[in-house]
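The chain contents come next:
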Amino acid sequence: MALSIKQFKYKFLGSLPLILLFFISLNGNSIVDFELFSINLHYILVYYWILKKPNILGYGFIFLSGIISDVVFGFPLGINALTLLIIAGTAAYIRVVTVNINLINDWISFIPAIFIANFVYFISLYFSDYSIDYLYLFKNSIFTFAFYPILWGIFSMFLKFMD
Amino acid sequence: METSRDDVGIAIRSAFLKRGTQQRFSLLVLVLLSIAFIFIETIESKPLNYLRAFIKDSIYRGSLIVSSPSNGIRFIFDEAGEHINLYKEYNQLKQENEQLKNKISETDYLVLENTQLRRLIDEQIKFPEILVSSKVMLDKQSPYLNSFILNTGINAGIKNGMAALHGKNFIGRIVDVNFFSSRVLLISDLNSRIPVVIEPSGTHAILSGKGTDKASLEHFPENHKINEGDKVYTSGKEGIFSPGIPIGEVEFNNGKVETLFFSDLDQITYVNIVSANSKLNQ
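So the protein sequences, as listed, match chains L and V.
Per the numbering used here, the very first residue in the first sequence carries number -1; after that it's consecutive.
Per the numbering used here, the very first residue in the second sequence carries number 370; after that it's consecutive.
Hints listed in this document are in silico derivations from the structure and should not be mistaken for laboratory results.
None of the values given here were measured: they were computed from a predicted structure.
Idealized CB from N, CA, C, for every residue including glycine.
Just to be clear, a hint being listed does not mean it is correct.
[What the hints assert, rightly or not] So the derived label-pair ranges between C-beta atoms look like this: (1) L:34 x V:591: 35 to 43 Å; (2) L:34 x V:394: 37 to 45 Å; (3) V:449 x L:156: 32 to 40 Å; (4) V:581 x L:144: 21 to 29 Å.
[What the hints assert, rightly or not] Partial pick of chain V residues on the chain L-facing surface, computed with a CB cut under 10 Å: (5) 380; (6) 395; (7) 399; (8) 405; (9) 411; (10) 413; (11) 415; (12) 424; (13) 428; (14) 429; (15) 432; (16) 436; (17) 511; (18) 558.
Using the sequences provided together with the hints, build the complete structure.
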């Protein structure tokens, strides 16, 4: 009985990151925009959970969430999906090659993840003939990187509670 | 060195090709699928358009449901704010009303004079026909694309390229039409380019969105006679919009000629969609 409650708790709490992933996509909150800075929650969420517990966010769901974001933001289908998968791919690669997992390692390896994802984003938008504010994208990348440790802490606490 | 290169190859293969536990797809397959989607977006065919319209309509409805709690909270805060500012607004409106009353007689005279002069030069006066009034269904205020979703689409006869008006003011154009929804690209967006005419000098220019509440005027002659406060209208040169739809007024900012919109693009609830092809001659 105790085991089944534990299993239920794990399953329920384990589905929350996935719910959050779809919620921010559908609600258009994947980029949290403040007066002076903005953060890409989508990137942090995908990167963290693929790095720590890859079975919680399936790649298929990440793809679907990206497609939803594309529709909600009015971009050609596939652009956000591709960038999120690049983030997931980088996180999966880091997971394979890293032995010692800690905040500093995660944080530093987040730099190439953001860089590659935004490069793909830029190329995709360029070929789709869409103009965006690239300075905004750059600032967004910087603040997403800067904000990572805060969400890392929150997610790690959640992960401890889950286990 | 060889070993290290092998290790990188193995790690990449492991990350992108292995499905892992509880993963139904490998990353590589999904990356290729995303790229295929991006390419398919450039293909225009009826079945694909129907499929796209169906997907987008479904996602918009889902988004509407998911955002309803946050919209509800925002609505409550807005309402509370409005109630708090009620007295201040009342006094402001009273003052504006007085000013408008004074202007009405002046405007009536100008309208009459304008109509008579137009008749005199035997000009066909064209009025855009309002096809449909739509409600803004989703306004996600994306940092990258200034646009919103309307609750009407093909079902109400909306087509790509039609002009969107807020009251009588031009605010954007339709860029994406689905069965029950459509997307308006606002004039403030970086991707928006509208041919305009600046009155009273009659100077033609292109109005380019900047992503802010002002747009810049470009491609006008060097020896222009544009003054601050001049009115900006659609020129109808591209053949899609009717000419003479008001957009905003000219403002000089550090030597740049900009346009301040007549409508506040953040405060739009209802939009009128018009087609340039539907013209009524007077």
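Results for each hint:
no., hint, result
1, L:34 x V:591: 35 to 43 Å, "holds, 38 Å"
2, L:34 x V:394: 37 to 45 Å, "holds, 39 Å"
3, V:449 x L:156: 32 to 40 Å, "holds, 33 Å"
4, V:581 x L:144: 21 to 29 Å, "holds, 25 Å"
5, 380, "holds, 4 Å"
6, 395, "holds, 7 Å"
7, 399, "holds, 5 Å"
8, 405, "holds, 7 Å"
9, 411, "holds, 8 Å"
10, 413, "violated, 13 Å"
11, 415, "violated, 17 Å"
12, 424, "holds, 7 Å"
13, 428, "holds, 4 Å"
14, 429, "holds, 7 Å"
15, 432, "holds, 5 Å"
16, 436, "holds, 5 Å"
17, 511, "holds, 4 Å"
18, 558, "holds, 8 Å"
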